[in-house]
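Novice: Sequence order for the protein chains is A and B. Heads up: take any position in the first sequence, counting from 1, add 4, and you land on our numbering. Heads up: take any position in the second sequence, counting from 1, add 480, and you land on our numbering.
By construction, these hints were calculated from the structure, which means they are not laboratory data. Ideal Cβ placement from N, Cα and C applies to all residues, glycine included. Just so you know, nobody snuck in bad clues.
Using C-beta positions, here's what the derived DEER-type ranges look like: (1) 583/B with 33/A: 20 to 28 angstroms; (2) 507/B with 224/A: 40 to 48 angstroms; (3) 538/B with 712/A: 41 to 49 angstroms; (4) 60/A with 505/B: 29 to 37 angstroms.
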Amino acid sequence: MTAVDDRPQAEIGSPRLRKEDQRLVTGRTRWTDNLQLPGMQHLAMVRSPFAHARITGLDTAAAKSAPGVMAVLTGADVKDLQGSMACAWPITEDQKAPAHPAIAVDRVSFAGEIVAVVVARTAAAARDAAELVDVDYEELPAALDLKRAAADEVLAHPDLGTNKSAFWQYDSADAGTGGAVDEAIDKARTDGIVIEREYRQQRLIPAFMEPRSVVCDPTGEQLTIWSATQVPHFVRIFTALVLGIPESKIRVIAPDVGGGFGGKLQHTPEEVVTVLAARHTGKPCKYTETRSESLVSAHHGRHQWQRLTLAATKDGTVTGLKVDLLADMGAYLGLVTSGIPILGAFMFNAIYKFPSYQFNCTNVFTNKTWTDAYRGAGRPEATFAIERLMDELAVEVGVDPLEIREKNWIRHEEFPFTTVAGMTYDSGNYEAATARAKELFGYDALRREQQERRDRQDPVQLGIGVSTFTEMCGLAPSRVLGALRYAAGGWEHASIRMLPTGKVEVVTGTSPHGQGHETVWSQIIADRLGVPFEDVEVLHGDTQIANRGLDTYGSRSLVVGGQALVLAADKVIEKGRPVAAHLLEASVADIEFADGRFSVKGTDKGKSMAEVVWEAFTCHDLPDGIEPTLDSDATYDPVDFSFPHGTHLCAAEVDTETGEVKLRSYVSVDDVGVIMNPMIVAGQLHGGIVQGIAQALWEEAVYDEHGTLVSGSFVDYTLPTAADTISFVNDHTVSPSTTNDLGAKGVGEAGAIASTPAVVNAIVDALRPWGVRDVRMPCTPERVWRAIRSAGAREAEPTTDSAQPHFDAGAPNQDEPGSGATEQNGEVQ
Amino acid sequence: MIPAPFDYVAPTSLADALAALADSGDEVKVLAGGQSLLPILRMRLNAPDRVVDLGRVEELRGITEEGDSIVIGAMTTYAELLASDVVREHAGLLTKAVQEVADPQIRHRGTVGGALVHADPAGDVGAPVLALEAELVITGPAGQRTVPATEFFQDLFETAVGEGELLTAIRVPRHTGWGSHYEKFVRVVHQWSIVAVGATVRVENGLIAEARIGLTNMGSTPLRARAVEDALVGGPATQDSVREACAAAAEGTNPPSDLNGDSDYRRHLATVLSRRAVLAAAGV
Ligand SMILES: Cc1cc2nc3c(=O)[nH]c(=O)nc-3n(C[C@H](O)[C@H](O)[C@H](O)COP(=O)(O)OP(=O)(O)OC[C@H]3O[C@@H](n4cnc5c(N)ncnc54)[C@H](O)[C@@H]3O)c2cc1C
Numbered sequence: 005m006t007a008v009d010d011r012p013q014a015e016i017g018s019p020r021l022r023k024e025d026q027r028l029v030t031g032r033t034r035w036t037d038n039l040q041l042p043g044m045q046h047l048a049m050v051r052s053p054f055a056h057a058r059i060t061g062l063d064t065a066a067a068k069s070a071p072g073v074m075a076v077l078t079g080a081d082v083k084d085l086q087g088s089m090a091c092a093w094p095i096t097e098d099q100k101a102p103a104h105p106a107i108a109v110d111r112v113s114f115a116g117e118i119v120a121v122v123v124a125r126t127a128a129a130a131r132d133a134a135e136l137v138d139v140d141y142e143e144l145p146a147a148l149d150l151k152r153a154a155a156d157e158v159l160a161h162p163d164l165g166t167n168k169s170a171f172w173q174y175d176s177a178d179a180g181t182g183g184a185v186d187e188a189i190d191k192a193r194t195d196g197i198v199i200e201r202e203y204r205q206q207r208l209i210p211a212f213m214e215p216r217s218v219v220c221d222p223t224g225e226q227l228t229i230w231s232a233t234q235v236p237h238f239v240r241i242f243t244a245l246v247l248g249i250p251e252s253k254i255r256v257i258a259p260d261v262g263g264g265f266g267g268k269l270q271h272t273p274e275e276v277v278t279v280l281a282a283r284h285t286g287k288p289c290k291y292t293e294t295r296s297e298s299l300v301s302a303h304h305g306r307h308q309w310q311r312l313t314l315a316a317t318k319d320g321t322v323t324g325l326k327v328d329l330l331a332d333m334g335a336y337l338g339l340v341t342s343g344i345p346i347l348g349a350f351m352f353n354a355i356y357k358f359p360s361y362q363f364n365c366t367n368v369f370t371n372k373t374w375t376d377a378y379r380g381a382g383r384p385e386a387t388f389a390i391e392r393l394m395d396e397l398a399v400e401v402g403v404d405p406l407e408i409r410e411k412n413w414i415r416h417e418e419f420p421f422t423t424v425a426g427m428t429y430d431s432g433n434y435e436a437a438t439a440r441a442k443e444l445f446g447y448d449a450l451r452r453e454q455q456e457r458r459d460r461q462d463p464v465q466l467g468i469g470v471s472t473f474t475e476m477c478g479l480a481p482s483r484v485l486g487a488l489r490y491a492a493g494g495w496e497h498a499s500i501r502m503l504p505t506g507k508v509e510v511v512t513g514t515s516p517h518g519q520g521h522e523t524v525w526s527q528i529i530a531d532r533l534g535v536p537f538e539d540v541e542v543l544h545g546d547t548q549i550a551n552r553g554l555d556t557y558g559s560r561s562l563v564v565g566g567q568a569l570v571l572a573a574d575k576v577i578e579k580g581r582p583v584a585a586h587l588l589e590a591s592v593a594d595i596e597f598a599d600g601r602f603s604v605k606g607t608d609k610g611k612s613m614a615e616v617v618w619e620a621f622t623c624h625d626l627p628d629g630i631e632p633t634l635d636s637d638a639t640y641d642p643v644d645f646s647f648p649h650g651t652h653l654c655a656a657e658v659d660t661e662t663g664e665v666k667l668r669s670y671v672s673v674d675d676v677g678v679i680m681n682p683m684i685v686a687g688q689l690h691g692g693i694v695q696g697i698a699q700a701l702w703e704e705a706v707y708d709e710h711g712t713l714v715s716g717s718f719v720d721y722t723l724p725t726a727a728d729t730i731s732f733v734n735d736h737t738v739s740p741s742t743t744n745d746l747g748a749k750g751v752g753e754a755g756a757i758a759s760t761p762a763v764v765n766a767i768v769d770a771l772r773p774w775g776v777r778d779v780r781m782p783c784t785p786e787r788v789w790r791a792i793r794s795a796g797a798r799e800a801e802p803t804t805d806s807a808q809p810h811f812d813a814g815a816p817n818q819d820e821p822g823s824g825a826t827e828q829n830g831e832v833q
Numbered sequence: 481m482i483p484a485p486f487d488y489v490a491p492t493s494l495a496d497a498l499a500a501l502a503d504s505g506d507e508v509k510v511l512a513g514g515q516s517l518l519p520i521l522r523m524r525l526n527a528p529d530r531v532v533d534l535g536r537v538e539e540l541r542g543i544t545e546e547g548d549s550i551v552i553g554a555m556t557t558y559a560e561l562l563a564s565d566v567v568r569e570h571a572g573l574l575t576k577a578v579q580e581v582a583d584p585q586i587r588h589r590g591t592v593g594g595a596l597v598h599a600d601p602a603g604d605v606g607a608p609v610l611a612l613e614a615e616l617v618i619t620g621p622a623g624q625r626t627v628p629a630t631e632f633f634q635d636l637f638e639t640a641v642g643e644g645e646l647l648t649a650i651r652v653p654r655h656t657g658w659g660s661h662y663e664k665f666v667r668v669v670h671q672w673s674i675v676a677v678g679a680t681v682r683v684e685n686g687l688i689a690e691a692r693i694g695l696t697n698m699g700s701t702p703l704r705a706r707a708v709e710d711a712l713v714g715g716p717a718t719q720d721s722v723r724e725a726c727a728a729a730a731e732g733t734n735p736p737s738d739l740n741g742d743s744d745y746r747r748h749l750a751t752v753l754s755r756r757a758v759l760a761a762a763g764v
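All chains, full assembly: derive it from the sequences and hints.
Specialist: Shown next as C-alpha cells:
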C-alpha cells in the first residue's frame, strides 16, 4: 500500500527503525536538564496561589540571606527590563490584550503566575529559599466560568474594560464561497430539518513527557539559550523582540526534546526569566519545572463552548452550518493563542459539500492558565462538532450515520474541490477509505450485535461511533498567513552539505521533538542522492547551525520542510552535473543522474556522487566559473495546504449499571498521502488516537470556584497508559498530495483529531434507546450514568419531521444556552 | 521536586528504630516503602526534621504461620505478599486486593504496613484487613499491644498507632476454603479506587454460610457492609438473592464527592460492585 516508488531498495516506504531511538529511549542524550555548565546557578520560581490578586507586599529579605542564594528577583526589580510577552497572531485589528509581564509586577491573573525567582547555587537551595519569599496578596474577584466571563460579569483584567479579546467571522456569502446561512436555516425551519446543539470542548493539558527546562549562558559573545522547545527559531526572535537584545547576539538550541504536542510551541515567561537571571548574575542559569508547575503554568489547550445550527433538507442533504464559538484564552495571549480557534474555521465543513456556512468566534479572557496550541489546534474542535452533528442528522432522518455522510461528502472524482470555507482540497477518496474501514471493522456484524443487545436489554450496551474526518496540514502558505494577520511566514528551509568523504549532513529548519525526522530525512536523501541511509546525518534545532527555519507544529515538517529538502537535493544534483561532465569529458546536457551516479547518456561511463563531490572538494582541475561545492540550500513556501483524511470506526461497550465505557474495537483507514516510513506513521496514529480518546474519556483540567487547578497532578489529571487502551487496526488508502513532490500529507495530528468524536458518537449511539443525545466530555462513568438517569425512561427518542426546537432549554443532557452553567462540586467550566 | 532538608537515620533493628523515634522531637516521620511519604515530602506538604527509615529492619519483613493466623510483617512489600502461597490460600482476599494496587513498580516498593498506617480511605488493603477481621500488632516504648482492625482505623489518615509507636505486624485469621474477590472501580488502571468492594464468602451446599464485605473509599475509613453480610448469610448464592442483599451496601456509609464522582454515585456504585464481588467470590 505504501510503495509508490518502485525503484529497488527504495528507502522511502521502508519501515526503518528510527535512528534517534537508542539515545532517546535510553535517555543517554542531551535533554536540557542534563546540561551542566561551569558556575551554573539554579532557579526556583515563586508562583501565585491566587487566580486574581493584587500584590500588596513582597519581602525577599529572608530568601536573599538563605544559604547559597545569589539573587532574588521580583517583578518590581525587572519591570523596566522584561518587556511584555508577545502574541504573534492578532486576529483582528482591534484585538484587545493585557500586557503580559514574565514576572507579575503588581497584579497576578492566574494561579501559577510567576511573582519572583530565586537564583541559587543548587536547585535545592533555590527551592528552600523560594519558600521564604513572603508575598502579601489582596484577592480580587476572578473571572472563571467562560460564559460568565463572556458576559463581562467579572473582569479578568479590569483595565481592559471587557473580557472579550476579539470577534472573528467567516461568512460564505460575504466571501463569495457560498450562500447565506441564515436563509438556509430559515428555509429548513419551514420544510426541512434544523439540528441545534451546544457542545463543550473541555480544557486539556498537553502533558508532554519531558517537563520544560531552560538554560541560559550569558558568558559568551552570544547569549546561548538551551530550551526544551518545539520552536527554537521563534524563541530567538521573540527573545530579541521582548528583551530588546540584538538577534545576532542570541543563539538558541533545542537539544533533544521530549515531546510537545503544541505545548512547547511557545515563548515562555520561564525562558525570559532565565535570561534575566543569567544577565543579572553574569552566570549560566538553569530552570527546570516540576510536573506540578508544568500543569499550572505551561499553556493549556482547547476549551470552547460551541453552539451549532445545522440546516438540512428532509432527506438529509445539508444546506447550511452556522457556528458560534466562545473560546477561552485564559489569562493572557501566548504566541498563537488567539488564532487557535480560528484554525477551526476552515474545518467545520469537513469533508462535506455545504452550500452555506458561517463561523463566528468570540475570544474571551478568564483568570486561568492561558491556552494555546494543542495537538490539532482548532481542527479537533471543528471535527468533533461536525461529526457529532452528522450523527444527530442521521438519527433525525432515520438512516445509518455512514449513509448521511456519503450523501453529503465530496466524491473522489470531484477533487480538487474548493469548499464553502474557501479551501481547495488537493486529493482524497472518502468512499474508498470508508469501504475499507467498514470491512476491517465488521460493521454489519457489530450493528447486528448492537440490536441483539438492545433486544435482550443487556446491561452492557454496544455503540458504534463514526468519524470521517479531514484536516489541513502543512502550515502554511505565507500569503494565507498574512491574510490571517499572522506575524510570520510559513516557509521552511533545508541545507545539504556534501562532505568530502562522501558523507552527507542535512540541516533542517524544522525542530523535531520525538517525531523521527532524522530517520525520515535520511530516507529521503538516501533515495534522492543515492547515498546510504547510514551516511546521512540530520542536524536541527540550533540557530547557529540551522540558521533558517520555522520549526515543528501543525503537521508541517514533512510537507513543507520535506519539500525544501527535495528542492535542495535537486540543486545538489544540478551543481554536480557540470563537474561530472568535466570529469567524464561529456557535455552537461548529456549527463544523467540516477541511483547515486552521474552517467553519460547512452554510454556506461559514469562517476559516483562521492567521486564528483571529492573532485569539487579538491578543486584541482575544475573549469572556470564552476563553484567548487555541491552544497545547496532551499527555502520553500508552500503553494497550498494538504488535506489528509480518514474514516475511523469505534465500537464501545457501555456498562449501563456503572456508566463505564470500554473500547471494544477501533479501526482507522487514513489517507495521509504517500507514506515515507510506515512504522513512524503507525506510531503517530497510535499516539494520536489515544490522545483523542483521552479527551473523550479521561482528561480534563478542572478548576474550583477559587480558580485553583484541582486536577493539578497526574493523580487527578488522568492520563491514560497503554493498559487503558486496546489494539488499533490501522490501514491506509493513498491519494498522493498534489501540493508537494513527496506526495505526503502530514500525519502528526490525524489520530487526535479523528478519534474523539468516534468515541463520543459510539457512547451516544449505545444510549440512544434511553433518549441520550449527548454526554459531555470527558465521558466519565459518572457522567454517562447520570446521562442515562436524567434521560429518564427507556424509550426511543421521538423522531419527528419537524424542526427541533431552538436550543431547547429542557433538552436532555444539554446546558441551558447562555446559562452560567456552573457544575456540581464547585467546578467551573 | 525537592523535599525540605531533614535528618536521616536507618536503624537495623526494631529496638534501634524505636529508640530513634524516642529521641526525636515531634517532627519525625517513619519511612517504609516511601510510596506515599516521598510524594508528600517532595511536594512539601510535610517537612519533618527527621526521617527514620525502616528499610533495613529485617525482623519486620516476611510472612509466617502461627496457629490459626497468618502473620505478615509490617515491612512486607506488596510484591512479597503477592508471591505468598500461604496468603493466597488462607487469606485470598488480601492477594486479590493487592493485585489491584497501582502498578508493579509501586507494588515492588510499597509495604502492607505503610499502606495501613497511611490509612488513605482509597487505599486497597484497609477494606480486606477489616473484612478478614485481622489484628494489628503495634510496638512502642511501653511494649507490644494488639488492636482489632475495627479499632485500628480511626479517621482519614488516622490510626491507632500513636507517637513513638510502630505498626510491626498484621495477624490475619485463616479463611481457608473461602472464596474471595476484590472489585475495584477506576477510570484509568493506575488510579486509586473510586470505590472498591472486597468480598470473601464461605459457600456450603449452595448457601452462603459466612460472608465478610469490606468497602474502600465509602467513608473516612474502610467500612464493613454488615447489613449486606447479614442479608446474605443463609441465603442462596444466586444472582437474584445476592442482588437483593447488596441493595443495602451503602447503608451507613459516608462517601466523598470529588472529581471522580459525587457521593450519590459512589453509593450507587457500592451496590453494583458489592453484587459483582460477592457473586465472583461465591463462584457464581
Ligand atoms: C502513583 C501511585 C499510585 C498508587 N496507587 C495506589 C492504589 O491504587 N491503591 C493503593 O492502595 N495504594 C496506592 N498507592 C499507595 C501505595 O500503596 C503506598 O505504597 C502505600 O500507601 C504506603 O506504603 P509505603 O510502604 O510506601 O509507606 P510510606 O510511604 O513509606 O509511609 C506511609 C506512611 O506510613 C507511615 N509508616 C510506614 N510504615 C510504618 C510503620 N511500620 N509504623 C508506623 N508508621 C509507618 C509513614 O510514616 C508514612 O506516614 C499508590 C502510590 C503511588 C505513588
